[in-house]
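Since chain Z is already given, all that's left is putting chain Y on it; use the hints.
Protein chains in written order, with our numbering: chain Z, 1 to 382; chain Y, 1 to 382.
Keep in mind the hints are simulated off the structure, nothing from the lab.
Incorrect hints may have been included.
When chains are identical, the list treats them as one kind, so a pair holds in a single copy or across two.
Restricting the straight-line Cα-Cα distance to at most 30 Å, the calculated cross-link-like pairs of lysine-lysine (DSS-like) are [said to hold, decoys possible]:
| id | residue 1 | residue 2 |
| --- | --- | --- |
| 1 | K165 | K128 |
| 2 | K301 | K128 |
| 3 | K328 | K289 |
| 4 | K328 | K291 |
| 5 | K328 | K128 |
| 6 | K291 | K355 |
| 7 | K291 | K128 |
| 8 | K165 | K328 |
| 9 | K291 | K301 |
| 10 | K165 | K291 |
| 11 | K128 | K289 |
| 12 | K289 | K301 |
| 13 | K355 | K301 |
| 14 | K355 | K165 |
| 15 | K289 | K230 |
| 16 | K355 | K289 |
Note that the structure is a prediction, hence the values are computed from the model and not measured.
There are 2 protein chains.
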Amino acid sequence: MAENAPPVRFELLHVCTQSGARLGRVHTPHGSFDTPAFMPVGTQGTVKGMSPAELEEMGAGIILSNTYHLWMRPGTEVLEALGGLHRFMSWNHPILTDSGGFQVFSLSDLRHITEEGVSFRSHIDGSKQMLSPERSMEVQNILGSDIAMAFDECIPYPADHAYAKRSLERTTRWLERCLETHRRPGDQALFGIVQGGMHEDLRAQSAREVMAFDTPGIAIGGLSVGEPAKEMYRILEHTVPLLPTAKPRYLMGVGSPDYLIEGSVRGIDMFDCVLPTRIGRNGTVLTSKGKVIIRDAIYAKDPHPLDDECTCYACRTFSRAYIRHLVKANELLALRLASYHNLWFLLRLMEDVRKAISENRLLDFRDEYLERTGYHHRKVKP
Amino acid sequence: MAENAPPVRFELLHVCTQSGARLGRVHTPHGSFDTPAFMPVGTQGTVKGMSPAELEEMGAGIILSNTYHLWMRPGTEVLEALGGLHRFMSWNHPILTDSGGFQVFSLSDLRHITEEGVSFRSHIDGSKQMLSPERSMEVQNILGSDIAMAFDECIPYPADHAYAKRSLERTTRWLERCLETHRRPGDQALFGIVQGGMHEDLRAQSAREVMAFDTPGIAIGGLSVGEPAKEMYRILEHTVPLLPTAKPRYLMGVGSPDYLIEGSVRGIDMFDCVLPTRIGRNGTVLTSKGKVIIRDAIYAKDPHPLDDECTCYACRTFSRAYIRHLVKANELLALRLASYHNLWFLLRLMEDVRKAISENRLLDFRDEYLERTGYHHRKVKP
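Isolated chain Z, as found in the complex:
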């Protein structure tokens, strides 16, 4: 790689003539992954219940891990001693880390936002801490993710215009500080984040400000925070066209089947969400006929797999009756199988999305898929 080449590069392979969705490939220091991509979430340096071998087996091209959690535990000293996050968790493929900001807002107590950053109490030991652009970058530099995220504020929904504007402008200033303090620009990409709430003029302002820094990728934050689907789609349709074609676009915290397809239709390249593992641990599985709550008594003697159309290990091997028994008996294998299946399901969906893009039929695929699976309660025409 040339001296000044960005550590992460987006290769645009094809644009779906039917939808405008993009087929691409993101190249990182730890290998490449195809887009649109779903990133399984490994909050504490592990995708809950899954081994790295299983993540490879299911075709996860990149995973996300949370800076806040790893900073609080095991801490940067351990992660530095063990050679960074890839080696620590034995995942020799791309990793994206968030900035920690979202967790500080959602998990910690007594948070207080200033221009400097956010002061809070640790959710683990109650200690007083400060997260700032500089601190977030310091931690992410030690983690050594392929893609680091800028420290931003993800404002709640709804947020009025005045607050959203003040916040996005601070987020821009924080991005500048992140870039100034970033110590590994050669092997770790830093993505800026477009904020601005549900206000189109503010999204445009934020996109303009973020793009001025020419980061190797751009994220859209502050969506899927409680707003109706049509609001999310409106903001995406307004914001995505403002972004550069040559860089990957990451829609943060989004991962339900319909959102993954609708986001792809609107030009998004990367997604992440805890949904597949979180609902899996509660015994809910995604299937080609909609969600199945496997705990339900109706499945007590059901000899069929979780999903008749699925070829994952759980579906090739076990009945709904057995997995229901494991759920009822609080067995670890239940959590494993449901999480594995759900991740497999979403990763296969993304394969189907990429195939449909390459065949210029993503809108047809969307309509057929949402109709067939029942994941269409939030369907909105673009």
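Chain Y only, in chain Z's frame:
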């Protein structure tokens, strides 16, 4: 198999000239396994945290499952509808089921023993239940294990001679009732159980009475119930020589490294214990240098595997520092990795034991192994 051939057959391959330990192979309707064998325990129809694929990968030749737990949940109706335990849990290899007696004594409330059986309250819903030889066989027949165990009483330690004698004689009568009610003698072996506490004359009486029924295998119960190791070894040295050479001998509920070796030395062919998965879930691992409590702060930055000499997936892939982090963070992967490693460790130990038997050096192996590993605090010369 001939009409009247027993469903389970023991093939004696070699007797160690140094120790008298036996190398053998047990043939069952679901395949064969080598002895001495350690059986991982799958209490609720799953070896906690492990998939059947992983059990195959680690070389488990046979697993044990608990009749009491499966009877209480999911119940015989479900197990019958799903075609028995092998199909239910997707394990197409040998399974041994216990009688449920031990769990009734240890888990349930208000148990009351009569000649008829044991009345108790379910540990799940508090319902009144009765477990008897007939009921145990009915459940085990539905489970369809390759080896069913006779319903017996495992008396506490210490137990006086009079009680131990009354109990073993009732256990013999219960064995007779089990055999009378057994509906699948053609494809499910029923093993009798020798009881008698720590009293040598009673062990001899029980062995004589059990042997009279000519079951395809014989278990030794009521050991590892709190007695000193030398007491267990005394009873084994007294009892095993009374048993027929042509049948497998199963020492129930025993599975620490030293007991597995010392039991093999004394002519035992089969063992089971929850130890590897139970201590694994608590973050304790068995290694070639003794037990490691991975939660200890000393391992916080330790880049070495759980066991430098181990070749299991966990040891090939992860550091102690990472696994300690997973344990501290209550991550599911911690339980998986520690359980997997511990089972692997004991299954490799049994391979080493079988190799040492075939090379007529099991006593040398024992002395060297217990000295090197530190699992020798209970070492007693036979």
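To see whether the hints hold, each was checked on the structure:
1. K165 to K128: Within one copy only: 29 Å inside, 66 Å across.
2. K301 to K128: Answer is between; shortest inter-copy Cα gap is 24 Å, intra-copy 52 Å.
3. K328 to K289: within (23 Å within a copy, 38 Å between copies)
4. K328 to K291: within (18 Å within a copy, 33 Å between copies)
5. K328 to K128: between (40 Å within a copy, 21 Å between copies)
6. K291 to K355: within (24 Å within a copy, 51 Å between copies)
7. K291 to K128: So K291 and K128 fail the 30 Å test inside a copy (41 Å) and across (37 Å) alike.
8. K165 to K328: neither (49 Å within a copy, 41 Å between copies)
9. K291 to K301: Intra 18 Å, inter 42 Å, cutoff 30 Å: intra-copy only.
10. K165 to K291: neither (38 Å within a copy, 58 Å between copies)
11. K128 to K289: Classified as neither: same-chain Cα gap 47 Å, cross-chain 41 Å, threshold 30 Å.
12. K289 to K301: Only inside one copy: K289 and K301 sit 19 Å apart there, 46 Å across copies, limit 30 Å.
13. K355 to K301: Neither, since 37 Å and 44 Å both go past 30 Å.
14. K355 to K165: Neither way: K355 and K165 sit 39 Å apart in one copy and 74 Å across, limit 30 Å.
15. K289 to K230: Within one copy only: 24 Å inside a chain, 61 Å across chains, cut-off 30 Å.
16. K355 to K289: Within one copy only: 21 Å inside a chain, 52 Å across chains, cut-off 30 Å.
In the structure shown, a violation is registered for the earlier hints numbered 7, 8, 10, 11, 13 and 14, in ascending order.
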